[in-house]
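Colleague: Take a look at the letters that make up each chain.
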Amino acid sequence: MKIAVCVSQVPDTTTKVKIGADGKTIDPAGVTYIINPYDEFAVEAVLQLKEKHTGETVVVSVGKESNKEAIKKAFAMGIEKGILVKSDAEMDSYTVARNLADVLKEINPDMIIFGKQSIDYDDSQVGSLVAEMLGMPSITVVVGINLEGNKITCEREIEGGKEVVEASLPVAITAQRGLNNPRYPNLKGIMQAKSKPIEEKQPTYTENKTEILTMKLPHPKPKGKIVGTDVSAVPELVRLLREEAKVI
Amino acid sequence: MSKILAFVESRDNKLKNSGFETASTAVKIAGELGIEAEVLLIGSNVSSIASELNAYGVKKVLFAEDPKLEKYSTTAYSKILAETAKQINADIIILSATSMGKDMSPVVSAKLEAGLVSDCIEIKAGDGNITATRPVYAGKAFIDVKVNSAIKIFTLRPNVFKPVKSDGVTSETEKLNIALNDSDFSVQVKEVVISDEKLDVTEANVVVSGGRGLKGPENFHLVEELAKVLGGAAGASRAIVDAGWRPHSDQVGQTGKTVAPSLYIAVGISGAIQHLAGMSSSKCIVAINKDKDAPIFQVADYGIVGDAIEILPVLTEELKKVLSN
Ligand SMILES: Cc1cc2nc3c(=O)[nH]c(=O)nc-3n(C[C@H](O)[C@H](O)[C@H](O)COP(=O)(O)OP(=O)(O)OC[C@H]3O[C@@H](n4cnc5c(N)ncnc54)[C@H](O)[C@@H]3O)c2cc1C
Ligand SMILES: Nc1ncnc2c1ncn2[C@@H]1O[C@H](COP(=O)(O)O)[C@@H](O)[C@H]1O
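Top to bottom, those sequences are chains A and F.
In terms of the working numbering, the first sequence has 100 at position 100, counting the first letter as 1, and numbering is strictly consecutive.
If you want the working numbering, it's the position in the second sequence, counting the first as 1, plus 1000.
Among the hints, erroneous ones may be present.
To be verified - Cross-link-like lysine-lysine pairs, in silico, DSSO-like; alpha carbons within 27 Å at most:
1) K68(A) with K201(A)
2) K246(A) with K1320(F)
3) K1124(F) with K216(A)
4) K246(A) with K1111(F)
5) K1228(F) with K1111(F)
6) K2(A) with K64(A)
7) K1283(F) with K223(A)
8) K246(A) with K1190(F)
No lab work stands behind these hints: they were computed from the structure.
Owing to the predicted nature of the structure, the values given are computational and were not obtained by experimental measurement.
All chains should be built: construct the whole structure from the sequences, respecting the hints.
Modeller: And the structure:
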């Protein structure tokens, strides 16, 4: 079985966002980049499937030279091969997906696993886009995978519960937190990741469907009211919620 | 721009609240652009509920009805939506950014080669233009986006676009004829497991979330009782999800759920940047925390600096009293 995983590189969750000089993207100065947290669940899922069912594994990323760090993280966890579609261009999800689909078509995997969402643009699009571009079905926000032969059963999270979904390979899956506990790379893995080659490819598609006009910071909130310091503040809080905020 | 198609979600032949938001927003935008809006329902017996959309000014409801469509299927539902858009020549498609809408919309985007803007919180339309505003970096910034492809798809963040009732029109209904074969059901929901009819944090109008300041899982019932009095849902910080007090599905924040209720009460939650990312667009925020310097107070409209374990039962009782009057 061939299993592919797609990873992106995103600002660390503690990043304080500053708007860049173009007014459309963030100022990268001082930002630490990490592998997209959901992609660690995706990588772990691939490794567990490989360990159970045997197969080849490959990681693909579209983006800058620095995306190699995310690929190396996947290597360190245990993924065997890596491909970077190298481009400095700002790409929207559709364009990223087109480039991924073109690379993955050649690999022809039985399964492709994505994160459910990149925590930069929070699009939740790329996994299902790639799947449809390759003509395979997709199952998103997955918290459980059970593969038997060609048949796959997944649990996906929905509002207030779960759906049990069935499909046949090939299939694309997007991983939600709760699917597994990503392993920590061991020293050997980290050392090996350093020297593993990463195949570089040129982008095949660069025309975006969407265009960012401006990026803005949220309006700062006016300072709130400290109603009190013990239970005696409760009646006043309730009054404010009813009469001032009018939310109850 | 020529026509809007809004997908209105239903489950078990009940329209979802988010469905009214999508329908009503479609009607509003269509008005601003001077074009027509049509609504699509998919399910096993949805024609029986189409009239519920009358009150929102929807003039035409299209429905795809088949026993096989009773449960959600990514492949079948997205094929129907894409085919319908083609049949009626819709060039704006609107869905809600619910788990169903988020699952279907990229598939439709790929089928129609249409640009997709996810999770919009505002849509501006007029003079033949349409632009959307959406949060990025978990709400730490916002972008205004336009779509350059001929067909444009938008998903709306639930609970943000309030449905507006307009003078009752009687919607025209039309059954669609879209051929479906077995391969269109290659992904199929077999079973839906609803966790004890619990209201989801993303759907609740009031969310009360607890954090590590509650000291232990044995005190979490205090949060649940307060949520219950307010008809809301109980959420959690990641710290207590990681500690196993609460399931991950209740986690609010950057790697949990994003909520925007009218009232968010944070109890014993410090207000880490990742938590704020999931709740800071709530309309009114109340914080109860014994540390006056906790960052949660920076986003709170009202705060009590004190011991949550003492305050919660008193607050719940007071609310019971006030709300029963
Ligand atoms: C990649 C990443 C993603 C993350 N995603 C999320 C996420 O999605 N959601 C999330 O919530 N966190 C997330 N976090 C974790 C986040 O950084 C914080 O660790 C977490 O939110 C802290 O939870 P807490 O506020 O319950 O606990 P603490 O930070 O320990 O805060 C407890 C608070 O309770 C107060 N307190 C103590 N006793 C009492 C009392 N008796 N009465 C009242 N108040 C009391 C304290 O003053 C303190 O402010 C993420 C972290 C990382 C690195
Ligand atoms: N530039 C990229 N390169 C490779 N994979 C990506 C890229 N962007 C997104 N993905 C994958 O698609 C998932 C969803 O991303 P998004 O649709 O951007 O929220 C991520 O978790 C990754 O698995």
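Colleague: Would you mind marking each hint as holding or not holding in the structure?
Modeller: Comparing the hints with the structure gives:
no., hint, verdict
1, K68(A) with K201(A), "holds (13 Å)"
2, K246(A) with K1320(F), "holds (17 Å)"
3, K1124(F) with K216(A), "holds (16 Å)"
4, K246(A) with K1111(F), "violated (45 Å)"
5, K1228(F) with K1111(F), "violated (43 Å)"
6, K2(A) with K64(A), "holds (26 Å)"
7, K1283(F) with K223(A), "holds (14 Å)"
8, K246(A) with K1190(F), "violated (43 Å)"
The earlier numbered hints that this structure contradicts are 4, 5 and 8.
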